[in-house]
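Construct all of the structure, not just a fragment, from the sequences and the given hints.
Number of protein chains: 4
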Amino acid sequence: MLLEKLRLEVYQANMALPELGLVSFTWGNVSGYDAQSQLFVIKPSGLSYEQLTPANLVVLDLSGNVVEGELKPSTDAPTHAYLYQHFSGIGGITHTHSSWAVAYAAAGLDVPVVSTTHADTFFGDVPCVPTLTAKELTENYEQNTGKAIVRTFAERGINHLTTSAALMAQHGPFTWGKDAGESVYHAKVLEVTAEITHRAMQLTHADIHLPQHLLDKHYQRKHGKTAYYGQA
Amino acid sequence: MLLEKLRLEVYQANMALPELGLVSFTWGNVSGYDAQSQLFVIKPSGLSYEQLTPANLVVLDLSGNVVEGELKPSTDAPTHAYLYQHFSGIGGITHTHSSWAVAYAAAGLDVPVVSTTHADTFFGDVPCVPTLTAKELTENYEQNTGKAIVRTFAERGINHLTTSAALMAQHGPFTWGKDAGESVYHAKVLEVTAEITHRAMQLTHADIHLPQHLLDKHYQRKHGKTAYYGQA
Amino acid sequence: MLLEKLRLEVYQANMALPELGLVSFTWGNVSGYDAQSQLFVIKPSGLSYEQLTPANLVVLDLSGNVVEGELKPSTDAPTHAYLYQHFSGIGGITHTHSSWAVAYAAAGLDVPVVSTTHADTFFGDVPCVPTLTAKELTENYEQNTGKAIVRTFAERGINHLTTSAALMAQHGPFTWGKDAGESVYHAKVLEVTAEITHRAMQLTHADIHLPQHLLDKHYQRKHGKTAYYGQA
Amino acid sequence: MLLEKLRLEVYQANMALPELGLVSFTWGNVSGYDAQSQLFVIKPSGLSYEQLTPANLVVLDLSGNVVEGELKPSTDAPTHAYLYQHFSGIGGITHTHSSWAVAYAAAGLDVPVVSTTHADTFFGDVPCVPTLTAKELTENYEQNTGKAIVRTFAERGINHLTTSAALMAQHGPFTWGKDAGESVYHAKVLEVTAEITHRAMQLTHADIHLPQHLLDKHYQRKHGKTAYYGQA
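Residue numbers (our numbering), protein chains in the order written: chain F, 20 to 251; chain D, 20 to 251; chain Z, 20 to 251; chain W, 20 to 251.
For the record, the hints were derived by calculation from the structure and aren't laboratory data.
Mixed in with the good hints there might be a few duds.
Intra- or inter-copy, both count: the list cannot distinguish identical chains.
Restricting the straight-line Cα-Cα distance to at most 20 Å, the calculated cross-link-like pairs of lysine to any residue (SDA-like) are [as the list claims (entries may be wrong)]:
hint, residue 1, residue 2
1, K197, E23
2, K241, T45
3, K24, L58
4, K154, L234
5, K241, T94
6, K166, T94
7, K236, S64
8, K91, H242
9, K197, Q31
10, K236, E155
Structure below.
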């Protein structure tokens with residue numbers, strides 16, 4: 020069986036979604052990418068978390084062909100494939116319908132960075148990617164979702180390695196990271212920061228974005244050469 | 020004992036209500052319908068979920084007569100009977116007082132379709148059925164509730180097979196499906212989408228309904244001939 | 020030991036508060052009343068639910084004297100005593116700091132009856148009792164709390180047997196019932212209806228009170244001679 | 020090993036954070052102070068609660084030097100050190116990112132005292148400390164956080180022994196108490212009162228601060244010479 024270690028990681032990352040309260044039913048999927056073989060492992064479509072095993076995950080190449088697996092892959096697999104091709108350096112992707120993040124997506128709004136809880140993980144507002152056109156929806160919907168995310172990051176000059184999350188307008192969150200587990204971590208952080216931000220925005224109509232120096236400080240306390248948080 | 024297989028399904032569907040966080044105390048009921056015998060099986064009135072067994076469920080005909088059972092059926096049984104008679108092709112019905120859905124019912128508002136989480140299951144806004152008149156309330160209240168739901172769907176041209184949920188104004192949600200289990204699934208989806216929509220509506224006063232092409236795409240990804248979600 | 024059966028009921032009713040999510044720490048108390056002996060049993064002050072036993076509950080007479088018990092009774096005991104003296108026919112009282120109900124108390128607002136979830140249990144708005152004066156607070160605070168509740172019901176013509184709940188403004192809910200267990204049930208219903216009503220009031224500024232005929236129908240479906248809900 | 024009894028208290032206090040729903044992942048830390056040795060014990064930086072033991076806690080002096088421990092202390096240790104030096108009589112400090120409190124911090128607002136739930140523990144509004152300047156953030160950020168808290172209490176004339184909590188604007192809550200356990204208790208009270216207050220503030224735009232006599236009564240019912248709540 021291909022990629023046994025990666026299968027285990029992706030299995031554990033998928034199972035973390037219900038544990039972290041990020042999914043109802045089967046409404047979420049996690050994948051992990053192996054840069055050497057250029058293959059990724061993803062949850063089968065519509066399978067319950069109770070039925071999931073490392074062995075029934077599906078292995079695909081970046082063109083979306085199933086390389087190993089009896090089951091159909093997540094319908095979102097072409098989104099994952101496109102992101103692995105165009106967001107260099109990522110090794111895992113998570114998609115959920117977690118409710119605070121979806122509320123921002125439904126409203127068509129970025130999640131602004133209004134607290135250090137957000138700044139510790141995402142180096143700026145989490146962007147809301149505009150709804151696809153009718154044409155983009157009809158053909159290759161899921162691949163076009165990936166294209167729209169990549170295009171929005173390019174147009175708005177957002178670095179996908181420091182802001183590793185996006186909202187598809189009227190749909191929901193996609194997050195990514197260096198591996199499957201980190202992409203799930205980012206999905207939870209996004210949900211928590213959306214919750215906090217929603218509550219803060221009910222208390223005030225002021226612009227409460229962090230000043231740049233506070234954003235810099237908190238992000239850099241946890242990331243890069245100047246990081247000093249944690250034991251590493 | 021009649022309808023043993025259906026009894027088990029209806030029992031399990033009722034027990035899923037507290038597991039899914041959809042009821043407090045005894046504030047919910049699920050029934051399942053057997054098209055061949057034209058009988059349905061429903062939860063007894065006011066019985067706690069701890070006391071419920073497949074054997075103490077109540078079997079009724081579509082006129083509301085108890086065919087088998089020691090206990091009184093749910094007071095909502097005439098609503099269920101009316102819906103089985105007039106909504107062709109349904110095999111299960113759920114009623115709860117889940118709080119996000121009841122909030123929309125209390126406000127007298129439809130739950131608008133503002134995200135794909137909604138569109139994946141309900142093909143349009145979930146309608147709020149106007150409060151019954153004093154006369155409708157006094158005589159045959161529960162049957163008149165069923166009539167009002169059916170009338171609203173007819174008047175507004177809503178297809179009950181693709182929008183399998185309604186809110187009774189100032190009361191709460193009714194959902195249905197091909198069997199008891201699916202009706203519970205729809206009750207949970209309605210609660211989740213009401214929660215998301217409520218939160219989105221606190222963030223913006225814009226009309227954030229899905230465009231038709233996005234609604235079509237997501238509903239049809241999971242339903243009908245063009246469906247490609249899941250393993251079936 | 021006095022009142023062993025009542026002690027067990029009051030113990031179980033107190034233990035239901037954390038199970039139903041109605042209290043943090045020790046912020047709640049339940050008592051039960053024995054009409055024959057004119058004594059009531061109440062939780063000791065500040066004792067954790069883990070330490071509570073039927074035996075360490077405190078027995079008081081209606082003047083507030085401890086008749087049996089090593090521990091100090093709840094500081095709210097004089098409120099309970101006053102209500103037992105002046106609200107005829109009640110046998111149990113619950114006080115909590117549950118957060119949706121306290122939000123209404125903090126805002127100084129009644130919980131209006133906007134859904135059948137409320138009407139099934141409380142026959143009208145749950146009144147908010149005005150904050151005590153400085154004088155009422157300084158002397159016999161807890162007894163004066165009971166007096167203010169009874170006075171508000173009298174002034175507003177509310178029947179304490181059909182609307183068995185009140186909010187003390189800027190403080191929190193008191194509920195009562197035929198016994199300790201029913202008073203806890205009413206505490207949970209009040210919390211749920213406050214939650215629903217709060218959410219409905221974020222969706223609309225319209226007056227969404229139930230019409231009288233719907234309030235009558237639902238309350239009487241569960242109470243009095245015309246009741247037909249449940250197995251009794 | 021130094022301070023074995025204090026290590027156990029601080030360990031238990033840290034473990035209470037996830038039990039009380041106050042932290043996600045590693046986003047919180049508790050310390051305890053030994054006045055005799057002028058040393059404090061704190062959680063290691065970024066360590067998961069599953070990995071935490073009394074033995075791997077870190078012991079520091081008030082200058083921030085590690086006196087005992089293999090792991091790096093919490094990055095917030097200099098904030099704790101500063102508060103121990105300048106807030107006389109405290110023996111424990113807690114920092115979390117609990118979401119209702121952070122919402123107030125993000126909005127830059129005090130948590131006003133609008134209910135007795137708040138007044139039972141904090142003798143007035145919980146102040147929001149203004150965001151640090153760019154200069155304060157760049158050098159000795161964590162120590163400057165402590166300085167800003169102490170300065171705000173001095174400038175606003177707030178007694179840190181009766182209002183034992185602060186919000187750092189755009190960041191989150193710090194609470195303290197006579198020992199580690201009490202500081203965690205205060206962290207939970209702050210979260211609950213922020214939740215209640217947020218909900219009350221959605222219901223009304225009136226000034227709903229407690230009158231002074233009600234604040235006095237409730238605070239003094241639980242604290243000081245006139246206290247009569249509890250068994251002590």
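Taking the hints in turn, this is what the structure says about them:
1. In this homomeric assembly, K197 and E23 come within 20 Å of each other (Cα to Cα) only inside a single copy, at 18 Å, whereas the closest approach across copies is 40 Å.
2. For the homomeric pair K241 and T45, the shortest alpha-carbon distance between copies (13 Å) is at most 20 Å, but the shortest distance inside one copy (33 Å) is not.
3. Taking CA atoms no more than 20 Å apart as the test, K24 paired with L58 passes inside one copy only; the shortest distance there is 13 Å, against 45 Å between copies.
4. For a Cα distance limit of 20 Å, the shortest separation of K154 from L234 across copies, 14 Å, qualifies, whereas the shortest one inside one copy, 38 Å, does not.
5. Taking identical chains as interchangeable, the C-alpha atoms of K241 and T94 lie at most 20 Å apart only when they sit on different chains, with a minimum of 10 Å there against 34 Å within one chain.
6. For the identical chains of this complex, K166 and T94 are intra-copy neighbours only, at 16 Å inside a copy versus 39 Å across copies, given an alpha-carbon limit of 20 Å.
7. Proximity of K236 to S64 under the C-alpha cut-off of 20 Å is restricted to the inter-copy arrangement: shortest distance 17 Å between copies versus 41 Å within a copy.
8. In this assembly of identical chains, the alpha carbons of K91 and H242 lie at most 20 Å apart only when taken from different copies (17 Å versus 37 Å within one copy).
9. With identical chains, the CA atoms of K197 and Q31 are at most 20 Å apart within one copy only, with a shortest distance of 15 Å there and 34 Å across copies.
10. Taking the closest pair of Cα atoms, K236 and E155 come within 20 Å of each other only across two copies (11 Å); inside a single copy the shortest separation is 40 Å, beyond that limit.
Violated hints: none; the structure is consistent with every hint.
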